Amino acid sequence: MGILSILVFLPFVLAVIVLLTPNSKAHLYKWICAIGTGLHLVLTAVMTYMYYQSYAVDRLAAKTSLHTKLYLVEQWSWFKAYDIEYFIGVDGMSVAMMILTSIIIFTGVLASWNLEHRTKEFLAFLLVLVTGVFGVFVSFDLFLFFVFYEVAVLPMYLLIGVWGTGKKEYSAMKLTLMLMAGSALLLAGILAIYTEGGSFNLLELGHHKFPMEMQNWVYPFLFLGFGVLGALFPFHTWSPDGHASAPTAVSMLHAGVLMKLGGYGILRVAMYLFPEGAIQWGMTFLVLATINVVYGSFAAVKQKDLKYFTAYSSVSHCGFIIFGLATLNFVAIKGAVIQMFSHGIMTGLFFSLIGMVYGRTKTRDIPSMGGLMKVMPWLGVSFYIGGLASLGLPSLSGFVAESHIFVGGFMGNPWTSKLTMQALTALATMSIVVTAVYVLRGLAQVFQGEITNPKFELLTDATVTEKLVTGILIFTLFFVGIFPSLMIDLIEGSIWPFVNRF
Amino acid sequence: MYNIETLFIYLLSIVSVLSAVLVVTQRRIIRSVSALMMVLLVTAGMYVILNAEFLTGVQVLVYIGGIVILIIFAIMLTGAGKTNDDEVDTHKKLLAFAVSFLFLLCSTYAIVNTPIKTVDTGANSSVRALGLKLLDYSGTGHVLAFEVISLLLLAVLIGAIVVARKTEEAKNA
Amino acid sequence: MNTYGFFLTNIWLILLIPLLSFIIVGLFIGPKNKKLAGIFATTSIFVCAALAYGATFEYLSLFPLGAEHPVIVPWSVQWMPYLENLTATLGIMVDPLSLLLMMIITTVSSMVHLYSIGYMHGDPGYSRFFTVLNLFTLSMLGLVVAPNILQMFVFWELVGASSFFLIGFYYTKASAVAASKKAFIVTRFADLGFLLGILILSYEAYHLFSLEAFAHLSSYNAFDFNFLNHPEVINALSTADGALLTFALVLLFIGAAGKSAMFPLHIWLPDAMEGPTPVSALIHAATMVVAGVYLVGRLFPLFGSSEVALNVVTYVGAFTCVFAAVIACTQNDIKRVLAFSTLSQLGYMMLSLGVASPLHKLGYLASNFHLMTHAFFKALLFLGAGSIIHAVHSNDIWQMGGLRKKLPVTHITFLMATIAIAGIPPFSGFYSKDEILAAALVNNPIVFIIGLFVAALTAFYMFRIYFLSFCGEAKSDGAKQAKESSISMLIPLIFLSVLSVVSGWFPFEKFFLSEALVHNTPSWLPIVASGSGLLGVLLAYLFYFKKTTYANSVKNGFGPLHTVIQNKFYIDAVYLFVVHKIIFRFIAAPIAWIDRHIVDATMDKTAYVTKESGLVLKKIQTGNIHTYTMMFLLGGLVLFLLLLGVGF
Amino acid sequence: MLSIIQEPGLTYWLLLSTVLFSIGLYGFFTRTNAIGILISVELMLNAAAISFVSFNNFAVTGDLDGQIMTMFIIAVAAAEVVIGMAIFIQIFSKQRHLNVTKMNELSR
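Top to bottom, those sequences are chains G, H, C and R.
First residue of the first sequence? That's 0 in numbering that gives the first Met the number 0, and the numbers climb one at a time after it.
First residue of the second sequence? That's 0 in numbering that gives the first Met the number 0, and the numbers climb one at a time after it.
First residue of the third sequence? That's 0 in numbering that gives the first Met the number 0, and the numbers climb one at a time after it.
First residue of the fourth sequence? That's 0 in numbering that gives the first Met the number 0, and the numbers climb one at a time after it.
Accuracy of the hints is not assured; some may be wrong.
Said to hold, decoys possible - Quick list of the computed label-pair ranges, beta carbon to beta carbon: (1) G:Trp216 / C:Leu642: 39 to 45 Å; (2) H:Ala97 / R:Gln89: 43 to 49 Å; (3) G:Ile481 / C:Pro407: 45 to 51 Å; (4) G:Met179 / C:Lys172: 36 to 42 Å; (5) C:Ile586 / G:Pro366: 43 to 49 Å.
Stated by the list, open to error - Below, in silico cross-link-like pairs of lysine-lysine (DSS-like), each with a Cα-Cα straight-line distance of 25 Å or less: (6) C:Lys610 / R:Lys101; (7) G:Lys454 / C:Lys479; (8) H:Lys92 / R:Lys93; (9) C:Lys404 / C:Lys509; (10) R:Lys101 / H:Lys116; (11) C:Lys360 / C:Lys404; (12) G:Lys373 / C:Lys34; (13) G:Lys167 / C:Lys479; (14) C:Lys617 / R:Lys93; (15) G:Lys119 / G:Lys29; (16) C:Lys618 / G:Lys303; (17) C:Lys618 / C:Lys604; (18) G:Lys373 / G:Lys303; (19) G:Lys166 / C:Lys610; (20) C:Lys617 / H:Lys91; (21) R:Lys101 / H:Lys132; (22) G:Lys373 / C:Lys172; (23) C:Lys405 / C:Lys509; (24) G:Lys466 / C:Lys31; (25) H:Lys92 / C:Lys34; (26) G:Lys303 / C:Lys567; (27) C:Lys405 / H:Lys91; (28) G:Lys166 / C:Lys604.
Treat the hints as calculated values from the structure; they're not laboratory data.
As the structure is a prediction and not an experimental result, all values here were calculated from the model.
In this text, a Cβ means the ideal position worked out from N, Cα and C, and glycines have one as well.
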């Protein structure tokens, strides 16, 4: 029972404990989860340290290797007939994603501190969802990957449907159906891979040479399947509605982590197994991603509801992830992975703050709020830091990711013409101006100026738990922003194999 | 050229077809049942020609004696005899006629075109042979079917009583 | 031979101290004790000033005045490793240009800190003000000492962000909020150009590493200035793809133009006056706006390699110079006048950089000399204006008057600064402006004439303020009971006034350049330059001091043109129109609408279609036995016919 | 084709049973009374029995499967009628009518 299995199933055990505690001790639920996820964070740190120890020895070898090298591996056979194994391990990229998820679930639990409506089931579902996410990031057997992928997606329906606000049933239904459609494409792809490659084990499949005509149709299947979750352009409409009606912790977890599953999946499965397919389809998805970026930021300008505002901004930032991946360039892919981490933290911060503001003003309508800075300075300042991070101010993690993607985008890859690649990157870079416009417009309307609604005079500033939540997230933003070389060193080793395979 | 037997066959066929048509077209259910009785009788006759004498007996005794009588009882009980069947609208009739005629065409086509090897020695349909065949458990026999049928009839016996029993609320209504 | 003394070895303190004081004041001292916050912040900046001066003396001791002044990078650490030869380092680069800028920034910033202890007294956001001011000084220093272009971009953005917070300091005032938003978005737009420029430049430079001719330079990174300004690299780049290099340089210049508020992107500077006056003094006079000039100065060898880029710099600079000076003459708010005068002086610096070229560096020398002198007297002008506003409680120059006796110290210092900016000989303004005009005369006569004309205009509008505010009788009760500001506000005024006089005599040329420069400026030039300045003063004297009707007659003479100029040629309105009407209504709204009604609707429609088809199919289950059997039979027959048709 | 009619062999009898079956089919579709439908079904069963017997008579040498099958048909028909009538009586006691087209809900 290695550390990875503990990390994956600890949330599940917590969920069971919470479910078993009697209703009389209702106040205990929050504490169990808080301490549990806190412990989880510590364990993730231990895991990272263990990873670093074993990775240090072959840091140089990674540069030229053609295959991902796994650490802390656990492998047991599960269904012998179809040689499906419980095969989990971790490489640089997965460690980064595990840290992100652990931080987000810890702050998510803290952010839903004053939730009254059936907290027991809420926390249980939340933890089950996060178990699925952890599972995806460590599993290297396609079947296991898909099982965890489904476990991560399914609880969303209940979490939004029961605890949501606004037209929650509609959004929950839409979200789940679209994600299911996506995972249907995925299943088709995985089965095609299995029949062709002969096994579910990702590393073995890596050695298998897939025929070109098969790659040509399976790669777009997988890309679109994962793209639906990663808010790729035409399939992104579930995310604004889904986030607008989801409760705080759920939209934190969803926008922060679940949408990163899309990008992670594209890289880990689609691009790893089908390099020629990636080259073949490179340009079309690059154009789609550019639309995603520009479209998302422009749509965010006109949003009136805070959550839609953030949802569209995260559509645009997720577009950056897919853009980074679609350029098939080492620096850009590394940027995409950093963007997954940094955007996860950023959206987590944003949605937790929106939850706190909504908890006080009971409205998310931007025009009707104003001058809140005087009343809640801590929340105001953290909102501004989140805003500046999202528009890519240096010394915050947003800049690290975006500068990588732009530099990588400019360097392009040997298969596409330099001009088109640079033109598309220039277009994507333009979105940093539009992001600045809508972030500042939105925040200025909500926080600056005179207090419009007299009721807001007597609102209170952040409580201890809220300060803890925002504090952790902002510290991470600054830490990655000021010391990017640590994050880059962690991720770089695992990116080289992907690029060398092209 | 026509021997007495074929003539007789023609006669039986015409009568059976005509009464069949009667069964189907009569509005009054009583008339339709009696036409059915006529068809069954004629069929019994046919069995004789087809060297299945025992079957004629079974047919007359069980089929006409039992089943048709039962139907008549049911008609009496439900008072269906007195009232006329309400008319089915004509386009439904036309549709029904068309479908059944289409069925007729298809099956005649199938029958005419499939060459079946016929043997003209005729079967020795003695009752003794029939009984042996029925209970023969060597593998080509029908003992299993025989047992199942007896079970079925028993179940039907009990079932019919249970179903037809007057329910409580019907009693005290 | 890195026998650096104390100051140069731990030069990195100059960045660490403001960072630490920013964190300490911001998080710990600020909320608790306002007074201590102010003092702590100011002392930390004074320490930085000491460090800067120490480093300069140490540098000069290593490389005496006349001799070679090499570029040294005493401290640098790896910050962001993109790729093997493409790593952004965080470091400090020391050479005359960066030392000069370090001295200017720390001096002006410490004076402004000292001044704002008095000026901001009693303001609720007192400690917040000092925190962000410290952050600004940190980012400005970081920008100036950057050894590579990416670190410069990083601190460039931080400068933009801190100016956003400082302009929007009075965040309850709607106009301040709008102004801070406008400033940040316009500079952000310019930074987009800057970033694209960096990307193109670093892309081209990075590809040079693959050539074996540059094997000996492989220790550098594609971002480093030493690498980009390296003569071999420059001619490799210009020969490889001259047009692309010019395009990259023009993009970089757009970034510089945004920050230094050159013509098309100048709209945010006049509105930035919404911020507290010390902010205007520090940011919008001395340091931030100069960052653009510093960028062009730092990449001067590269700019020199493409004619087109230099021409763009010259003509944009010259046009802004004239344009701003003309508007300045018509403004009524004292801070707006000073803002436009800053715009015009920045135009001067840009045009002087434009006319220079790697061969005759006079323009390059003159622009940085003017940069230094302008920093001191413009900061003094703003601080003086601040103490006037503090006393009179209004910005409008028509409500001031007769303050000569009431604010003696402010009056003298303000007068000295006005004389300096007007370019009257003994003061510093004359020396630097004279050198610019000399450089312009040699290379570009048209620009020389423009420079001369603007010199007169500058003198005119500066003395216009001087006469209206200090001479004549008080025009409003506010002006009547005006009383001198507190001592902590006056010391910086005095110190800066001394500096604005002395800085002219500083042996700039020997300090700044390695080899002596051949001077062939004609003898008549200084006379003509100071003459135009005096002409401007005379005109202002006639118009405003003698209470003659000339002022109004000239105004009516211009008629409608005057109002147009007063409203800054309605360029703000054009920008507003473009942003709100075009971008918001014709791009953002349709996209939001499309997303809601087309992309989203298709998803809903597919759901609707499945529902509808369900309803249609429902009709078959009628519950009627006839239909069921009919279906059953028809199915069989159809199958039969099909098989028949297929012929088994 | 006329030969089929001249000396009636297997084909003749099969055609006869098909005609009877189609007539029963027609009756099945046009009847609205439940018992009427049952009667048509009886007719169809009878037609099937005829074809069995004719097969047994013409196409089989010394085997009686056909006839036994007819006996089973008769037994099954009996069972069916018994249950059918029991149900109809029950329905009639509740709804006072046996019109099939009105009976399209499981519970009243």
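- [ ] With a cut-off of 25 Å on the C-alpha distance, tell me whether Lys92 of chain H and Lys34 of chain C pass.
- [x] Judged against 25 Å, a Cα distance of about 104 Å means the pair is violated.
Open item on the list: What's the verdict on Lys617 of chain C and Lys93 of chain R, does the C-alpha distance respect the 25 Å limit or exceed it?
Closed with: Cα-Cα ~28 Å, so violated.
Task: 25 Å Cα cutoff - pair Lys405 of chain C, Lys91 of chain H - done: violated (113 Å)
Task: Lys466 of chain G paired with Lys31 of chain C [C-alpha distance capped at 25 Å] - done: holds (18 Å)
- [ ] Given the hint that Lys101 of chain R pairs with Lys116 of chain H, test it: the Cα-Cα distance must not exceed 25 Å.
- [x] violated (49 Å)
Open item on the list: Checking one constraint from the list: CA of Lys373 of chain G to CA of Lys172 of chain C, max 25 Å. Satisfied?
Closed with: holds (12 Å)
Open item on the list: A range of 36 to 42 Å was offered for this pair. Does it hold for the Cβ distance of Met179 of chain G and Lys172 of chain C?
Closed with: violated (51 Å)
TODO: Take a quick look at whether Lys404 of chain C and Lys509 of chain C sit within 25 Å of each other, Cα to Cα.
DONE: With Cα atoms ~42 Å apart, Lys404 of chain C and Lys509 of chain C exceed 25 Å; violated.
Open item on the list: Given the hinted pair Lys166 of chain G and Lys604 of chain C, is their Cα-Cα distance within 25 Å?
Closed with: holds (18 Å)
- [ ] Starting from the range 39 to 45 Å, see whether the pair Trp216 of chain G and Leu642 of chain C falls in it by beta-carbon distance.
- [x] violated (34 Å)
- [ ] For the pair we were handed, Lys303 of chain G and Lys567 of chain C, check the Cα-Cα distance against 25 Å.
- [x] Distance of about 33 Å is beyond 25 Å: violated.
Open item on the list: Check whether the Cα positions of Lys610 of chain C and Lys101 of chain R lie no farther apart than 25 Å.
Closed with: violated (29 Å)
Hints 1, 2, 4, 5, 6, 7, 8, 9, 10, 11, 13, 14, 16, 21, 23, 25, 26, 27 from the earlier list are contradicted by this structure; the remaining hints agree with it.
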